[in-house]
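K.L.:
For this one, chain U is given, so just place chain S on it according to the hints.
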Amino acid sequence: MTEAAGPAPLAEAQRPAGGHDSSPVPRRAVRRLIGWTLAALTAIAVMINQRDVGIARDEVVYVQSGARYARWWIGLVTFEHGITEASITQTFGGPNATDNNREHPPLLKTLFGLSSYLLHTKLGVTDEVTASRLPSALLHGAAVLLVYCMVVELWGLAQAILAGLLLALLPRAMFHAGLACFDAPTMTLWLATVYAYWQAARARDGRRWPWRVGVAWGLALATKHTALLLPFALGAHHLITAWRAWRTTMDPARPTGVLAALRAMIGYRWRLIVSLVVLGPLTLYVVWPWLWFDPVRHVRDWLVFHASHVHYNYEYLGHNWNAPRFPWHVALVTTLFTVPAATLVAAIAGAGAWLAAWRRGVRATGAPVLLLALSAAASIGPFFFGTTPIFGAEKHWMPVLPTICIAAATGAVWAAHAAAGYASALIASRRARPAPALTPAPRLSAAAALVGGCVVLASVAELAAAEPYALTWYSALAGGAPGGADLGMNRQFWGIAARGVLPQLSAAAPAGKTYVYTHDASPAWGLYQRLGRVPAALIDAGWEQGGIERSQLAFVIHERHFNRHDYLIWKSYGTVQPIYVLRTAGVPIVSVYRRPR
Amino acid sequence: MNTGTVRDSVLGLSARPSPIAVVPALLLVALSLWEVCAAHRDAASVPGDAAWHAAAERVRAGFRTGDLIVFAPDWIDPVGRMHLGDLIPLEVAARMDAARFGRIWELAIRGARSPDTAGLEPVATEDRDGVVVRRYERAPAIVVADVVDRLATATTSGARPTLELAEVGFAPHRCLQASPAPGTPLRIAFPQLVLGRTLVGYVGIADVFTRREVRSPVRLDVELGGKIISSTQAGVDDGWVQFAATTAPGSADVVFILRAADANRRICFAAEARQ
Chain U
2 MTEAAGPAPL
12 AEAQRPAGGH
22 DSSPVPRRAV
32 RRLIGWTLAA
42 LTAIAVMINQ
52 RDVGIARDEV
62 VYVQSGARYA
72 RWWIGLVTFE
82 HGITEASITQ
92 TFGGPNATDN
102 NREHPPLLKT
112 LFGLSSYLLH
122 TKLGVTDEVT
132 ASRLPSALLH
142 GAAVLLVYCM
152 VVELWGLAQA
162 ILAGLLLALL
172 PRAMFHAGLA
182 CFDAPTMTLW
192 LATVYAYWQA
202 ARARDGRRWP
212 WRVGVAWGLA
222 LATKHTALLL
232 PFALGAHHLI
242 TAWRAWRTTM
252 DPARPTGVLA
262 ALRAMIGYRW
272 RLIVSLVVLG
282 PLTLYVVWPW
292 LWFDPVRHVR
302 DWLVFHASHV
312 HYNYEYLGHN
322 WNAPRFPWHV
332 ALVTTLFTVP
342 AATLVAAIAG
352 AGAWLAAWRR
362 GVRATGAPVL
372 LLALSAAASI
382 GPFFFGTTPI
392 FGAEKHWMPV
402 LPTICIAAAT
412 GAVWAAHAAA
422 GYASALIASR
432 RARPAPALTP
442 APRLSAAAAL
452 VGGCVVLASV
462 AELAAAEPYA
472 LTWYSALAGG
482 APGGADLGMN
492 RQFWGIAARG
502 VLPQLSAAAP
512 AGKTYVYTHD
522 ASPAWGLYQR
532 LGRVPAALID
542 AGWEQGGIER
552 SQLAFVIHER
562 HFNRHDYLIW
572 KSYGTVQPIY
582 VLRTAGVPIV
592 SVYRRPR
Chain S
6 MNTGTVRDSV
16 LGLSARPSPI
26 AVVPALLLVA
36 LSLWEVCAAH
46 RDAASVPGDA
56 AWHAAAERVR
66 AGFRTGDLIV
76 FAPDWIDPVG
86 RMHLGDLIPL
96 EVAARMDAAR
106 FGRIWELAIR
116 GARSPDTAGL
126 EPVATEDRDG
136 VVVRRYERAP
146 AIVVADVVDR
156 LATATTSGAR
166 PTLELAEVGF
176 APHRCLQASP
186 APGTPLRIAF
196 PQLVLGRTLV
206 GYVGIADVFT
216 RREVRSPVRL
226 DVELGGKIIS
236 STQAGVDDGW
246 VQFAATTAPG
256 SADVVFILRA
266 ADANRRICFA
276 AEARQ
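One line per chain: the protein sequences are U and S, in this order. All residue numbers for the first sequence refer to our numbering, where the first residue is 2 and numbers rise by one. All residue numbers for the second sequence refer to our numbering, where the first residue is 6 and numbers rise by one.
Chain U with its partners taken away, still in its complex shape (with noise of 0.2 Å):
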């Protein structure tokens, strides 16, 4: 990371299309300062809004099969135990597709565990869900001050702020961050991967970047399988970019045909296709110890597991999705409806300058938009095809969020810098002076600062609407949480809003022992108990007829498929009536019921 902020920014010659920096180039040490402050701040951001935010279903598994891992780990570096298949299975792996959650690779979960426990367990300094999501939150910090480093070398110094600014404050983004899942942490790693692949298609030394792109990509693949995607879109870039090379470095002596091209693509940076195929899994396999054994069966489970993977319910557009043939634009309306709409018409702006300047001839080194285009494609491309799972939605594509924010960094100042252009030609037509040929810096920086500024303040706006329940929300181009549930968006998913009602649970339970209905919330129940935001007293009823038959409070978390929930309760209770129904701007998310004495 030292080294990403450390190149100064490319030559204007250097510079890809769309975009000039016109603030003067602080020294490199303050632009690194710069990055860094972005990323802790955002950082501390994910740490504070985690705080209201509920566990997640899936979040219970990954942080109790973390704390089973970091402690085999811990066990084995302080030589309390060897390396035994026993032991890994016991603790990664076993005969089912969903033991100990190897489902699912190890990496993140693994921090998870390793926070906690020196954070809770040693040190005491915070409760086991904040340490467990700390890893997550550190590393959208990274991804911000990724995005930072790259533009600030591409563009200049307005863009990079611009671009870590809108990343940090994308509200879903920001929400994803604060849970101990993978998601975020993917889009870290995928763009950990994009980078490294950057500098080392850029880089005169061919031997600094190219290994650090198959440890990037080796990581995130040890993250979530998502990260499978990703060689599309660097396989892609370098095609073009060794086709473009070998065909403007022509040589009259040089061998044509079939055979010699696909030798120069090849034989095109081999480093870093040999990095990608050797460094990649290698990496992959260190950090998973359920691969030391059986490897080629254990990557087949995996593969097999998601590919054959069940379809969630997944409410879009006011119809309950659970089966292919999905809508081809599932992505492309929830990625509108879920990115605040200046950052989006700014994007477009961008792409639409990037453009441009393509068509005048701009080339940089190494190719970065285009980079950047296939890394977003890649990301999305395949929920477009109607087969593939579209539950979690924009989680599952959130690598398509660092291209979107730089596209509209740069198109705000892009759009800032005309602007101030025209007021420069105009104020000096009005002054009876030839207009300059360059607009002056500081009003460049101005009019960006300016427009930038107002782009962000929509996406604080946004976020200030959005959390914590930011999976209910929508943007202002949808009408917010009300316009998404007027246009039948999904409401939410996970049971994450169970933690809004629990004070009300607290209240309204009678003396002694209760029985609570507690629905999607009932993986979280014990760490709710455990963190102190439920009594001992209320007890998980159990789940489904049995659990509401037990119990004398029940809540349903609303989601469409979750009204059988509803009509259970009725039947039960005798009643239709809850005694408090939590809302997000006005929209329900979880209703509580009392059995009638």
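Just so you know, these hints were derived from the structure itself, not from any lab. All of these numbers come straight from a predicted model, not from anything done at the bench. Cβ coordinates follow ideal geometry from the N, Cα and C atoms, glycine included. One or more of the hints may lead you astray.
Distance windows between CB atoms, simulated [to be verified]:
#1 U:R205 / S:D242: 56 to 62 Å
#2 S:G116 / U:A433: 36 to 42 Å
#3 U:W329 / S:G53: 35 to 41 Å
P.N.:
Relative to chain U, chain S alone:
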């Protein structure tokens, strides 16, 4: 490749000053400011409990036993039930449809209408701080027989249906539920059922999870005096599907024939003989 004179489009625009150059920036600023206001406005656009309380008071003042209370849009239903749920019996909440209700109270926000009041004109409308209370009055359907209430009199060719409050099409419905063996029709007969001029009913597949796991549709035929008078197919995404047939007033044996291609299809149906 133009690497020697790389100038972005910004410089291109500034070299040829035109008011158009200002448009993107103005657009972005205006859109951003709109979004700031809209985000705040959207978050406060749904009436709160005070408005709902006032609207509920209005309904309570004019409510009569047998009235139907509905809420619109459907996503606000939990809030409506929190305020007025004590006036909504289970069998009304899980009704077959709204035809038998002569008076309907509709509490609506954001300009929404309930499907249960489609085509009706309100006789009274009041706006209580954003919650609009509308009262509709009409001649209700006169039900002469409800098969759901006559389950005890039914005979079957196989497994006996059960009376359920089931989720069909993500809505609650009080219905008779049965799972015919694959490929074997299940005949559920109601001997000497009192009939009016029409027999109206609905059928669907209960339980979203069974609908997800098995995707085949189900079929319900209605047989009257040995003749099929209605045949309805309900798919996994069709919800609560209506069927209707003209009948001659009097009494007759009515048979509901359920068919499924796969096991464990929870076919749910209800029907009313109406004047």
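K.L.:
Hint by hint, note whether the structure agrees.
P.N.:
Hint-by-hint comparison with the structure:
1. U:R205 / S:D242: 56 to 62 Å: Holds, at about 58 Å.
2. S:G116 / U:A433: 36 to 42 Å: 57 Å Cβ-Cβ, so the 36 to 42 Å window is violated.
3. U:W329 / S:G53: 35 to 41 Å: 39 Å Cβ-Cβ, so the 35 to 41 Å window holds.
The structure does not agree with numbered hint 2 stated previously, though it agrees with all others.
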